[in-house]
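**Student:** Knowing the structure of chain E, use the given hints to seat chain L on it.
Take a look at the letters that make up each chain.
Number of protein chains: 2
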Amino acid sequence: MFEGAELGRKVSKEDFKAEIPELRTRLLAAQRRARAAGLPVVVVVAGVDGAGKGEVVNRLNAWLDTRGVQVHAFWDATDEECQRPCWWRFWRRLPKRGGIAVLFGAWYGEAMRERLDGKTDDAALDAELARIGNFERMLTEDGALFIKFWFHLPAEEQSRRLKTLAKDPKSRWRMAPDTPVEIGEYPEFLRVAERVIRETDSGQSPWYFIESTDRRYRDLTVGRTLLAAIEERLERDGAEIDHSYSHAPHLPEAESAQVTVLDHVDLARALEKQEYKHRLEHYQDRLRELTWRAYREKRSCVLVFEGWDAGGKGGTIRRLMSAIDARLYRVLPVAAPTDEERAHHYLWRFWRQIPRDGRVTVFDRSWYGRVLVERVEGFASDAEWRRAYQEINEFEQQLVDHGTVLAKFWLHISPEEQLARFKAREETAYKRHKITAEDWRNREKWDTYKAAVNEMVVRTSTEFSEWTLVPANDKRYARVDVIRTVCERLAAALGEDED
Amino acid sequence: MFEGAELGRKVSKEDFKAEIPELRTRLLAAQRRARAAGLPVVVVVAGVDGAGKGEVVNRLNAWLDTRGVQVHAFWDATDEECQRPCWWRFWRRLPKRGGIAVLFGAWYGEAMRERLDGKTDDAALDAELARIGNFERMLTEDGALFIKFWFHLPAEEQSRRLKTLAKDPKSRWRMAPDTPVEIGEYPEFLRVAERVIRETDSGQSPWYFIESTDRRYRDLTVGRTLLAAIEERLERDGAEIDHSYSHAPHLPEAESAQVTVLDHVDLARALEKQEYKHRLEHYQDRLRELTWRAYREKRSCVLVFEGWDAGGKGGTIRRLMSAIDARLYRVLPVAAPTDEERAHHYLWRFWRQIPRDGRVTVFDRSWYGRVLVERVEGFASDAEWRRAYQEINEFEQQLVDHGTVLAKFWLHISPEEQLARFKAREETAYKRHKITAEDWRNREKWDTYKAAVNEMVVRTSTEFSEWTLVPANDKRYARVDVIRTVCERLAAALGEDED
Numbered sequence: 179m180f181e182g183a184e185l186g187r188k189v190s191k192e193d194f195k196a197e198i199p200e201l202r203t204r205l206l207a208a209q210r211r212a213r214a215a216g217l218p219v220v221v222v223v224a225g226v227d228g229a230g231k232g233e234v235v236n237r238l239n240a241w242l243d244t245r246g247v248q249v250h251a252f253w254d255a256t257d258e259e260c261q262r263p264c265w266w267r268f269w270r271r272l273p274k275r276g277g278i279a280v281l282f283g284a285w286y287g288e289a290m291r292e293r294l295d296g297k298t299d300d301a302a303l304d305a306e307l308a309r310i311g312n313f314e315r316m317l318t319e320d321g322a323l324f325i326k327f328w329f330h331l332p333a334e335e336q337s338r339r340l341k342t343l344a345k346d347p348k349s350r351w352r353m354a355p356d357t358p359v360e361i362g363e364y365p366e367f368l369r370v371a372e373r374v375i376r377e378t379d380s381g382q383s384p385w386y387f388i389e390s391t392d393r394r395y396r397d398l399t400v401g402r403t404l405l406a407a408i409e410e411r412l413e414r415d416g417a418e419i420d421h422s423y424s425h426a427p428h429l430p431e432a433e434s435a436q437v438t439v440l441d442h443v444d445l446a447r448a449l450e451k452q453e454y455k456h457r458l459e460h461y462q463d464r465l466r467e468l469t470w471r472a473y474r475e476k477r478s479c480v481l482v483f484e485g486w487d488a489g490g491k492g493g494t495i496r497r498l499m500s501a502i503d504a505r506l507y508r509v510l511p512v513a514a515p516t517d518e519e520r521a522h523h524y525l526w527r528f529w530r531q532i533p534r535d536g537r538v539t540v541f542d543r544s545w546y547g548r549v550l551v552e553r554v555e556g557f558a559s560d561a562e563w564r565r566a567y568q569e570i571n572e573f574e575q576q577l578v579d580h581g582t583v584l585a586k587f588w589l590h591i592s593p594e595e596q597l598a599r600f601k602a603r604e605e606t607a608y609k610r611h612k613i614t615a616e617d618w619r620n621r622e623k624w625d626t627y628k629a630a631v632n633e634m635v636v637r638t639s640t641e642f643s644e645w646t647l648v649p650a651n652d653k654r655y656a657r658v659d660v661i662r663t664v665c666e667r668l669a670a671a672l673g674e675d676e677d
Numbered sequence: 179m180f181e182g183a184e185l186g187r188k189v190s191k192e193d194f195k196a197e198i199p200e201l202r203t204r205l206l207a208a209q210r211r212a213r214a215a216g217l218p219v220v221v222v223v224a225g226v227d228g229a230g231k232g233e234v235v236n237r238l239n240a241w242l243d244t245r246g247v248q249v250h251a252f253w254d255a256t257d258e259e260c261q262r263p264c265w266w267r268f269w270r271r272l273p274k275r276g277g278i279a280v281l282f283g284a285w286y287g288e289a290m291r292e293r294l295d296g297k298t299d300d301a302a303l304d305a306e307l308a309r310i311g312n313f314e315r316m317l318t319e320d321g322a323l324f325i326k327f328w329f330h331l332p333a334e335e336q337s338r339r340l341k342t343l344a345k346d347p348k349s350r351w352r353m354a355p356d357t358p359v360e361i362g363e364y365p366e367f368l369r370v371a372e373r374v375i376r377e378t379d380s381g382q383s384p385w386y387f388i389e390s391t392d393r394r395y396r397d398l399t400v401g402r403t404l405l406a407a408i409e410e411r412l413e414r415d416g417a418e419i420d421h422s423y424s425h426a427p428h429l430p431e432a433e434s435a436q437v438t439v440l441d442h443v444d445l446a447r448a449l450e451k452q453e454y455k456h457r458l459e460h461y462q463d464r465l466r467e468l469t470w471r472a473y474r475e476k477r478s479c480v481l482v483f484e485g486w487d488a489g490g491k492g493g494t495i496r497r498l499m500s501a502i503d504a505r506l507y508r509v510l511p512v513a514a515p516t517d518e519e520r521a522h523h524y525l526w527r528f529w530r531q532i533p534r535d536g537r538v539t540v541f542d543r544s545w546y547g548r549v550l551v552e553r554v555e556g557f558a559s560d561a562e563w564r565r566a567y568q569e570i571n572e573f574e575q576q577l578v579d580h581g582t583v584l585a586k587f588w589l590h591i592s593p594e595e596q597l598a599r600f601k602a603r604e605e606t607a608y609k610r611h612k613i614t615a616e617d618w619r620n621r622e623k624w625d626t627y628k629a630a631v632n633e634m635v636v637r638t639s640t641e642f643s644e645w646t647l648v649p650a651n652d653k654r655y656a657r658v659d660v661i662r663t664v665c666e667r668l669a670a671a672l673g674e675d676e677d
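Respectively, the protein sequence lines represent chains E and L. Here the first sequence is numbered in our numbering, starting from 179 and rising by one per residue. Here the second sequence is numbered in our numbering, starting from 179 and rising by one per residue.
Bound conformation, chain E alone (with noise of 0.2 Å):
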């Protein structure tokens, strides 16, 4: 795989010069034409210990526009980092719409890093690898642009230039906290380079292999690379075809074909006004106990309200949150997005807000509302809604895997009932303001939103992260059954026994 880049490619001092102010205009001016047509560009710069991948990125600093351009590097994690899902410290750097990030390493470093030392063996590798494809695919399929750089040295030119650096006491090699790859490590280092490369070198998100052991060579190619992949971009965007196509069955058209996991819902369940109080009680005393034990064994937990409007969710946050120290949780409601957050993936305003280790989120709506308003009122298009549920499966698989506590409820009522609390709210004159003609027009698309909720839990009721569907029509029901399974899925994640 790496024959390629071992072949003695130079530039003379006068052809690199001469090439120069062309590049530098060009690169320029699609910078420039990246941002207005807001382009996130993502360059990844990794390979070899000793291929000067410092020294390239700081050439494309002098040659483009720097302050569009965020470099980073992933040295050591900030703890504030290691108490959230392994992915957090990555969202947190992408870059926004028109932005350039260049970043070293990125996620393939740790990736690398743990094979090497053996903490993974290839089968973990590939599994983390598959991660990686899928990640850079959401990105790609959002509109961000991937140019991943591989600085490769042939074995005689490398062994030389690291033993050069290691005697330098200036130079970065001995000053970075990374950890060089040894010298005698480095066939392995290659073995396991080539497989990272194969399983992640896309059409989407290629890899392209840079001879470095001429410095001109390698960074004049770097530049045109980099100008030839976003001028290509460019000029290619608003031609592109969407693939997607709808995967729910089509139905036959009588009701009795109709029926959704929603009618499964037994919307007569209602709890006495006594056995209420009784019970409301002792699940808010036992989740205050669990939110503390889960504070002090550092396990993080998000909880997702979805449901029809009146279904009843702010009543029911409202009992949830009385049971826990208010300096344990945050509630986020869901409202339209900032600019800075509509200038990332749609995802990344709800990664921003993951709870660090022993705090609970709720998410008053979420993520789950590019699949149900953003989809029914058109604001996403088909190839985005459809996606999204892979990327929320994939975004909530992370929860899990980091050990937090995930529960989503859907709090579901009858359009009999949704009508009666309507008509009653607006009688109320503190709860005037919580209905609109917004509400109404939902109204009206009730079996839109119907189908689209069903094919919401169909396709997100995983095995690690299932729903629960509320029968909400009792509000006593719901609020009581709400905090019973929080308590139980932190029971069950702290490892105690829930009656």
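Quick caveat, the hints were computed from the structure, so don't treat them as lab data.
One copy or any two copies: either way a pair holds, since identical chains are not told apart in the list.
Below, in silico cross-link-like pairs of lysine-lysine (PhoX-like), each with a Cα-Cα straight-line distance of 25 Å or less: (1) Lys609 - Lys195; (2) Lys623 - Lys653; (3) Lys451 - Lys191; (4) Lys601 - Lys628; (5) Lys191 - Lys455; (6) Lys612 - Lys195; (7) Lys455 - Lys195; (8) Lys601 - Lys623; (9) Lys195 - Lys653; (10) Lys274 - Lys612.
**Tutor:** Showing chain L alone in chain E's frame:
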């Protein structure tokens, strides 16, 4: 001071119930109006242990629309927080306009704890309290509403409750990582508390004493106080008077009286090409070494660039950066604020970009925009830019107190040199984008800007943070001058001699 909270005030169950419906309705309405008006509300919760601060906040969460309320405790500082000036952790928790933040202890917690532990003496505490006063004043002047609650218990009640709490294995008092005040420590605690309250109880940001023996009295008083504060503030808004006036002396009209600090900059300074190359290389090498050393010794560095349009900021920054490893620095161009940034005090957007220990952040334009372009173009009100000098000085002092190396450069050129550069830019293809109609307009206001620059330099050149006025008619001289200065500052901070 605390006698007023030991009167035995109480509220019966019936009276409590009777007051609730109206209170809730009005609180919700006030919250909605505050959101619409963009009023940021900061609720500080402090007081003696055992007074039930957590209970009160849970009650507020039940009465208010939780979705607009963020609660924060400041238990453990994360390493991302420790590696920045200590106020960073508070800045990141401030509410945006229209939001309510409930802060347990807030900036008072640590100040009190350190005094009680004997880490500080009364003088150091007073100094910290003065900083707190400035901070709160800055935010109230920016429109924030502060409501600071002090929860008090008489000595016997206190001691009784603490004993009970210490026995109960489920109480927060045992679970949370706060260090509770020991019972024997109480007289000293109250002495320190009195000092803290006295020094920070201003007309704009008053403390409210809340007698906490009776829970119903306590909660009702808190709810009513919060309501009254928000309602009063919303009514008053729009009727505020600007008490600021120009503190710049009024000058005689003779031209000889108009001399500014910029006129003392020797614009004839220049470097020959050979000498330039030699010195540039020398200082770049030195800078490479020093920034790695600063990384190892965990010293951060903030470099601020201001100057005339076409003054050569971009080229200077590029030469500076090419000497520093790309993994150590970030360049931040200061353009229009995002909507999240606009929803906070103008310094918030700079606070969020403060580098971690060991890293370098370059601001290409900066917080000084407040007293330059925003002043001259009228984007900031007179009151806003006039108070900005002091706000900036305090901000920079916090950076320097943390150990950050700070350097500020004004790149100075003559109007004639600017004209020549504007024309040259219009003639070079890859520079044409750098010149806009706005640049020509700004040029017409040269004298107004000059006066603003003069006042900025005079008011913000402090013993801990001096301005460097760089003669930049000769680009070569300017570049070397800047890099040399950065080397000197870094070397001095690291205890090295620079020649």
